[in-house]
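If you read the protein sequences in the order shown, they are chains A and B.
Each residue of the first sequence is one higher than the one before, starting from 1 at the first, in this note's numbering.
Each residue of the second sequence is one higher than the one before, starting from 875 at the first, in this note's numbering.
Because the hints were derived from the structure by calculation, they are not lab data.
Even glycine gets a Cβ: it sits at the ideal position worked out from N, Cα and C.
A portion of the hints provided could be inaccurate.
[What the hints assert, rightly or not] DMTMM-like mimics (lysine to aspartate or glutamate), calculated; alpha carbons at most 20 Å apart, straight line:
| hint | chain 1 | residue 1 | chain 2 | residue 2 |
| --- | --- | --- | --- | --- |
| 1 | A | Lys856 | B | Glu914 |
| 2 | B | Lys1045 | A | Glu532 |
| 3 | B | Lys1047 | A | Asp853 |
[Claimed, not checked] Reference listing, derived: stretches of chain B covered by chain A, where coverage requires no fewer than 3 residues with Cβ under 8 Å from a Cβ of chain A:
| hint | stretch |
| --- | --- |
| 4 | 967–978 |
| 5 | 1052–1061 |
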Amino acid sequence: MMEYATRRATREEILRLLDEDVAWWFSRFDSLTPPQEYGILPIAEGRNVLITAPTGSGKTLTAFIYIISELFKLAKEGSLDDRVYAIYVSPLRALNNDIYKNLMVPLNEIKEHIRGKGLEFKDIRVGVRTGDTTQSERSRMLRNPPHILITTPESLALVITAPKFRLLLNKVRWVIIDEIHSLCENKRGSHLSLSLERLVELAEKEFVRIGLSATINPLDEVAKFLVGYNDDGTPRDCVIVDTRFHKKMDLRLRAPVEDLIYTSSDRLSEALYHYLSRVISKYRTTLIFTNTRSGAERVTYHLKKLGFIDADELGVHHSSLSREIRFSIEDKLKKGEVRGIVTSTSLELGIDIGYIDAVVQVGSPKSINRGLQRIGRSGHSMDRVSKGYFVALDLDDLIEDGVLIKEAYKGRLDTISIPKGPLDVLAQHIVGMALVKKWSIDEAFKVVRRAYPFRDLDEEKFLSVLRYLSGKYYNLEKYRVYGKIWLDEETGYFGRRGRYLRPIYFQNIGTIPDEVAMIAYHGRRRIGYLEEPFVENLDPGDIFVLGGGTYRFLGCSGNKVFVEPVKGLRPTVPSWISEMLPLTFDLGEAVAGFRYDIWRLLRDGREDEARKYIEKEMRANKWAVDNIIRYIKIQGEFLEKLGLDTFHSRENLIIEQYIVYNERMRYIIFHTVFGRRVNNVLARAYAYVARDITGTSIRMQVDDNSFVLMIPLRVELDIQSLLEKVKSKNLRSLVSEAVKNSQLIWRIFRHVANRAFMILSHYKGRKTSLTRQQINSEIIYNAVRDIPGFPLVEEAIREIIEDKMDVIRAEAVLRDVEEGRRRWIVLREYDLPSPFAHGVLLRGMQDAVLMEDRVKVLQNLYNRIRERIEGIRA
Amino acid sequence: MIHLYKDLYIADPWPAAYLKDIDAMIFADLHLGMEGVLSEEGIFLPRSFSKSTIDIIFRSVSSVEPSMVIFNGDIKHGFGLLNTSEWAVLREFFSGLSQMKLDILVIRGNHDNYLGVLLDKYGIPFEKRWDHTIYTIMHGHESMSWDELGEVVIIGHEHPSVTLRDEVGVKFKFKCFMWGEYKGHKILVLPSVGELATGSTISLYSEEDILSPLLRNVNMSGFKPYAVVPGEIVQELPPLGDLERLL
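Next comes chain A alone, as it looks inside the complex (with noise of 0.2 Å):
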């Protein structure tokens, strides 16, 4: 059952609680902050909780110090064991580093204070296990096994799998996870989730689970992904905290020039970096959000060469850099020794990076969550106000800056999907599970299906993994290489098989896919990074869009992707903009809803009371407000000079024909601000049947805010029937059949692979041969796609439509258009895009719908040739 705890415990209560030596050190804090308020009660009477609250709040000591205090008691009474009694889990190596520093002082503290009255026990030992740790403290850990085991989700993984260090784990009676909202969204979770049923195996009793997290919706779903389920189906028990709201916010939208269309971007990246140079200046420190890591690099050596600030005072702090460049900056953030520090999201996470008086976001954060957890790093202590700073740099930036601004002050989040059964993952804990005994298939499976990710996985699913993993789709079970376990589908069980496997397992653990990034190069000059996958599929004479300029693709060499730049050509392959965010469904909507608010005031001639609504709602300034109404009204007459006299809203789906005559292309622009993971689904549908109307290769355009079709002028298609032939009902097997024909599916193909240990980055020491780098991803695919049934081909599928794309959504979408909830307006071909078109235009992601007949697309590409030739000779 779920809970929302509202019992709020008084300081005395709760030193009352604790062991009197513990209690005499917390008794330092003269108040308690509102998650210890509401929940060391539930931690001590051994419930599960999971904890929400901004950064900053106490979270961490509210899930230790009912610990450290039963510790103490076990210790003085002499019944602490060599044994591990608590396992904090984080995903990130640097918040451990952090956490084990922060429980040394109270440790070190009370055990003086104990000596000090003559007392002799054991030590409480704290270890840190990760995957830096190196093979002497682990066997030091074996001798000595810590009593508080820090440590994260992959090592969590190997250690419930090692021989010796699991035999430790029998006593664990407190799991905490931290920074689960970080977690939850991604396989890294699902992995999780499974190897912490994988310990209630181990352990004598069910422990007790603590999650903390920052701001997250929906509370009860994240509550059952923390806790699980028991074996008769039913969620386990959860106390809820939510403190999200008890932080003091001060937000601002600011557009830094008068004009966000007509001023060149020299002028506005200037205003940009004086504006950022007078924020920093105001304050002892400020924290400036970028959304690239690249867009990191070039603010912050702007702001350098500007010189208002010093350049000693200022930093860069992103993922790509290096661990020691990172952990220098982090170092002088926390001695206020920088005044402005630059990042993408490396720094969103809740390490500890001391003082920050002002954040500032470039851009749109693109997610309420995110701009919240983003801003929440500024007054970091919950008595101090969140100072944020929003600065757009296009309409479309502006006005999402805008809505989150309105949004976050409702108290609005957005809600977060977690992803379902990812049999990837499932195939690795399989693996593991087989390393540590001999399983019954029923077993094995109730044991999975009490993982939150995996409730709803069905028999059928979980037999097919198991089948892969003992070699059955190969088609040759007598080279017993392709089978990492035997089964035994007669009797019903399954086992490890192979030597190999234990090193396998060991050395290929986890879910993040290692991918190589390629640097491209001018001559000499460096102009950014490629995904190797990227660059597997470029031929020389591409063109490709990077950072904003366009290249012509040469050759490569080692990581080093030759380039020079092409000005006036069109890209011959879409960029993969992956380091981009999406917009969330929830902030889209929001968005349509507040354009159709202010285009209905404009329209009624009460543009005062539009423009104050703003200022007021959005915490505007003057120029910020000008661009807004500015951008819409135009909007509005575009739309009505096409004869309509409605606008975009939630309910208006309208779409655009722009005929581009010199191309010979019809461009279909269908406006939907769902974000990118729903309109990637609805694209990748419409195209797939435009493709088999028209019998061509559909290009199409992604952005959050739109998508395009592109469809040649010499073929026909009628938009209606277009329309009619997707159907809520249908999208999912469209989607699909769209994805499996796409590029997309080569690299997302080839992570699930590694992840389902089909394909090992680690195998026998050797990382790297010749025919490795022969075989991209395409060919592994390929070898793969047409096995009826194949797990691995499934995951993929879903993991794209599901987790990258959103199809729930944009099924629940295409359902509101069925009933009427929505409509699609359709308007009259035009030979200009409108404004609310330019940015799909600029910056959408590209892909396309491919012909599968490959023999027809020979004859029409011969076609081609031929008419083009007798053209010429004409």
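Given chain A, put chain B in place with the hints provided.
Just chain B now, with coordinates in the frame of chain A:
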């Protein structure tokens, strides 16, 4: 059949050449058993590539019914000793072939180490190159003086493919034959039969991507690609030099 020159044809729609006077099909670059080699390196793929490669050969041979089949190098993939799974694949392949009552000749490619032992069992000759009237058939991985070669040179090794773009700009890659002339010789480069063999896209941009030392100094803008969809179609295309201008 697409006629190229005198007795030389493309065995349309298959990725093979055909010599009429001796009724022989010529294949190159099968790379059988690649899956087994990959499994040694921690990549566990099903045997679908070897299977579909063998399937193409058997289907094309049954449909053309030649009296002789020549494999122009790289029948197998691994460079080292034959491992169990390669051995099994190759045995299956040659057993199948030997039932078809054909003369078989294998030209040695750079991947074909240790193949001799197996071929001996089936009594199949294994040569470095094979000269027949005006034709020289060899794999093409070694450099040679053009004077030592016949008027028509048939090689493999290159795995040529051609990348074409459709009207919306989407790229499609096709395996192809390359047919052209150099120093008074006519040259036919065979496509790889192996499904998995990646090969290089022949383009005028990057001469350094050419694998065969024989072709390295050859200006290929006059070479004509013949794109293949095995079992379906072979399509003649304009010479490379024109192609890049036209598409």
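Tested hints:
no.: 1; hint: A/Lys856 <-> B/Glu914; verdict: violated (38 Å)
no.: 2; hint: B/Lys1045 <-> A/Glu532; verdict: holds (19 Å)
no.: 3; hint: B/Lys1047 <-> A/Asp853; verdict: holds (13 Å)
no.: 4; hint: 967–978; verdict: violated (count 0)
no.: 5; hint: 1052–1061; verdict: violated (count 0)
Comparing the model with each numbered hint stated earlier shows that hints 1, 4, 5 do not hold.
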